[in-house]
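Here's the letter readout for the chains.
Protein chains: 2
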Amino acid sequence: MLYLIGLGLGDAADITVKGLQAVKSCSRVYLEAYTSILTVGKEALEEYYGKQLILADRDLVEQGADEILKDADVTDVAFLVVGDPFGATTHSDLVLRAVNAGIQFKVIHNASIMNAVGCCGLQLYNFGETVSVVFWTETWRPESFYDKICKNRAAGLHTLCLLDIKVKEQTIENMMRGKKIYEPPRFMTVSQAADQLIQIINRKRDEGEELGLTEDTVCVGVARLGSEDQMIRTGTLRQLVSCDLGPPLHSLVITGQLHPLEVDLLRINAEPNALQHLCMLDSSTFTS
Amino acid sequence: MLYLIGLGLGDAADITVKGLQAVKSCSRVYLEAYTSILTVGKEALEEYYGKQLILADRDLVEQGADEILKDADVTDVAFLVVGDPFGATTHSDLVLRAVNAGIQFKVIHNASIMNAVGCCGLQLYNFGETVSVVFWTETWRPESFYDKICKNRAAGLHTLCLLDIKVKEQTIENMMRGKKIYEPPRFMTVSQAADQLIQIINRKRDEGEELGLTEDTVCVGVARLGSEDQMIRTGTLRQLVSCDLGPPLHSLVITGQLHPLEVDLLRINAEPNALQHLCMLDSSTFTS
Numbered sequence: 001m002l003y004l005i006g007l008g009l010g011d012a013a014d015i016t017v018k019g020l021q022a023v024k025s026c027s028r029v030y031l032e033a034y035t036s037i038l039t040v041g042k043e044a045l046e047e048y049y050g051k052q053l054i055l056a057d058r059d060l061v062e063q064g065a066d067e068i069l070k071d072a073d074v075t076d077v078a079f080l081v082v083g084d085p086f087g088a089t090t091h092s093d094l095v096l097r098a099v100n101a102g103i104q105f106k107v108i109h110n111a112s113i114m115n116a117v118g119c120c121g122l123q124l125y126n127f128g129e130t131v132s133v134v135f136w137t138e139t140w141r142p143e144s145f146y147d148k149i150c151k152n153r154a155a156g157l158h159t160l161c162l163l164d165i166k167v168k169e170q171t172i173e174n175m176m177r178g179k180k181i182y183e184p185p186r187f188m189t190v191s192q193a194a195d196q197l198i199q200i201i202n203r204k205r206d207e208g209e210e211l212g213l214t215e216d217t218v219c220v221g222v223a224r225l226g227s228e229d230q231m232i233r234t235g236t237l238r239q240l241v242s243c244d245l246g247p248p249l250h251s252l253v254i255t256g257q258l259h260p261l262e263v264d265l266l267r268i269n270a271e272p273n274a275l276q277h278l279c280m281l282d283s284s285t286f287t288s
Numbered sequence: 001m002l003y004l005i006g007l008g009l010g011d012a013a014d015i016t017v018k019g020l021q022a023v024k025s026c027s028r029v030y031l032e033a034y035t036s037i038l039t040v041g042k043e044a045l046e047e048y049y050g051k052q053l054i055l056a057d058r059d060l061v062e063q064g065a066d067e068i069l070k071d072a073d074v075t076d077v078a079f080l081v082v083g084d085p086f087g088a089t090t091h092s093d094l095v096l097r098a099v100n101a102g103i104q105f106k107v108i109h110n111a112s113i114m115n116a117v118g119c120c121g122l123q124l125y126n127f128g129e130t131v132s133v134v135f136w137t138e139t140w141r142p143e144s145f146y147d148k149i150c151k152n153r154a155a156g157l158h159t160l161c162l163l164d165i166k167v168k169e170q171t172i173e174n175m176m177r178g179k180k181i182y183e184p185p186r187f188m189t190v191s192q193a194a195d196q197l198i199q200i201i202n203r204k205r206d207e208g209e210e211l212g213l214t215e216d217t218v219c220v221g222v223a224r225l226g227s228e229d230q231m232i233r234t235g236t237l238r239q240l241v242s243c244d245l246g247p248p249l250h251s252l253v254i255t256g257q258l259h260p261l262e263v264d265l266l267r268i269n270a271e272p273n274a275l276q277h278l279c280m281l282d283s284s285t286f287t288s
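From first to last, the protein sequence lines stand for chains A and B. According to the UniProt record's numbering, the first sequence holds residues 1 to 288 in order. According to the UniProt record's numbering, the second sequence holds residues 1 to 288 in order.
Hints were generated in silico from the structure; no laboratory data involved. Incorrect hints may have been included.
Which copy is meant is left open, so a pair is good if it fits within one copy or across any two.
[As the list claims (entries may be wrong)] Dumping the calculated SDA-like pairs for lysine to any residue here, alpha-carbon to alpha-carbon at most 20 Å:
#, residue 1, residue 2
1, K166, G208
2, K106, I232
3, K106, I268
4, K148, Q192
5, K70, R58
Predicted, not measured: the structure shown is a model, and the values here were computed from it.
Construct all of the structure, not just a fragment, from the sequences and the given hints.
Set out below in structure tokens:
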């Protein structure tokens, strides 16, 4: 049996009781280590589970799936994923390979950013399509996420922006030389994402294009959701550029049309200088 | 402290380790019992947790919030919610009341249908706005969910349809007589939801309106997601009308544009007669 087990979002104790029982019963336990992270590392999980974990990087999952699935028809193998197992396409591929190899699989679900983001105060059923914001490079500055945010906003919907993660990245130089030297991991912050969005707004304004959001759009930055030291900050996009929410992971929500109950909930985590703006919303937003 | 604890989707063992620890430490534990259900009842949970649970129906949560929050500034109170605590607006209201009363709160997240539905094979970031399908009555046949589904489909997005739950409902007669006699709980099935959708399609076709989906649109019915006997069935909307997915809860997904990997995954749970249709999709869908 292949168990795909969600670890939730915070630390080792966020696994479900059912998930923990499965981990303890498996002969091999892989920890997926490139689409997300917990606030604790491999060693803390190993101690908590009482099990050795095998780190599964992108190469192993995408090219070494046979290794992960080896003997899973006669023994139990666990594949641990931060959040819920179906948060990333890669894991669907592993399921397909198992099915094609005649290996049974079982999913043990858990919270992921896709549903836990509801705790910021915005109703989940008022969210539109989720987008990914990627790190820009000097030569590659995609803006497709901006267009999707605008489309959601035009329909009155909020947008969850998943922020880029770079782990085990090589420089082009090292890659060309075949040197397996990896850069330190990078996790996009709310501040960086807000900055990229404002750069798009500025470009569009300069070129006379229509704006679907502005520096004054109310947004919510969340960091380490579900952990003891989680941070949720509500402010305008401009305000979030200068906010420091600490260590990863960060996510950003761009609001659409706000319901009065949502505004009340946003207030709980609004910074003093953001409150004023939210108060202004009270009288104007609900009539539009 | 007020703990809002998600129970996940299956049975008693789907609570997180952190959640179980919190339950055991609380002096009063409420179980929210009207927006969703597990595959096990209150007694099974009480035995598993080693705690008495207080059933919290809609009246208690919406009008008796003071009772729930009583002394929560000096003692620990838990409020258990099937799925994740922020799945329903009602629970946001409880958080607001706690904050206004100066009571600290902590959320312990878990899987909900909003993210666990990814296991049907459709990618979560290809979902648009979630809709609710309500039981029609003789005099009330709302169609707004249909329009939202069409809007999602026009944007290429899938739609998660949450299906109606009626618990502790009174007949109009009993309500007028002030008799607190409640009807048996009702949970909308995938078959019933598909039937209502087809009735809307037929009406629109008769009246010459444009159709955003048809009886041949590929849909996925899911039942008791996350439990040992969960069922996932992929078929056309017409096929799902006659499928029996067993006891509650059910949810329905209407597909938008399908990615090849999604089609491969849908195949795993497709009924023999639905496979043919999915095969047809291969050659036509991805060019549109």
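For the identical chains here, do K70 and R58 meet the 20 Å Cα criterion within one copy, between copies, both, or neither?
within (18 Å within a copy, 50 Å between copies)
query = 20 Å Cα cut-off: does K148 pair with Q192 within a copy, between copies, both or neither?
reply = within (19 Å within a copy, 33 Å between copies)
At most 20 Å between alpha carbons: which applies to K106 and I268, within, between, both or neither? Answer is between; shortest inter-copy Cα gap is 13 Å, intra-copy 39 Å.
When no copy is specified for K106 and I232, does a C-alpha distance of 20 Å or less occur within a copy, between copies, both, or neither? between (34 Å within a copy, 13 Å between copies)
| query | How do K166 and G208 come out at 20 Å by Cα distance, when the copy is not named: within, between, both, or neither? | reply | neither (34 Å within a copy, 52 Å between copies)
The structure is inconsistent with hint 1 alone, although it conforms to all the rest.
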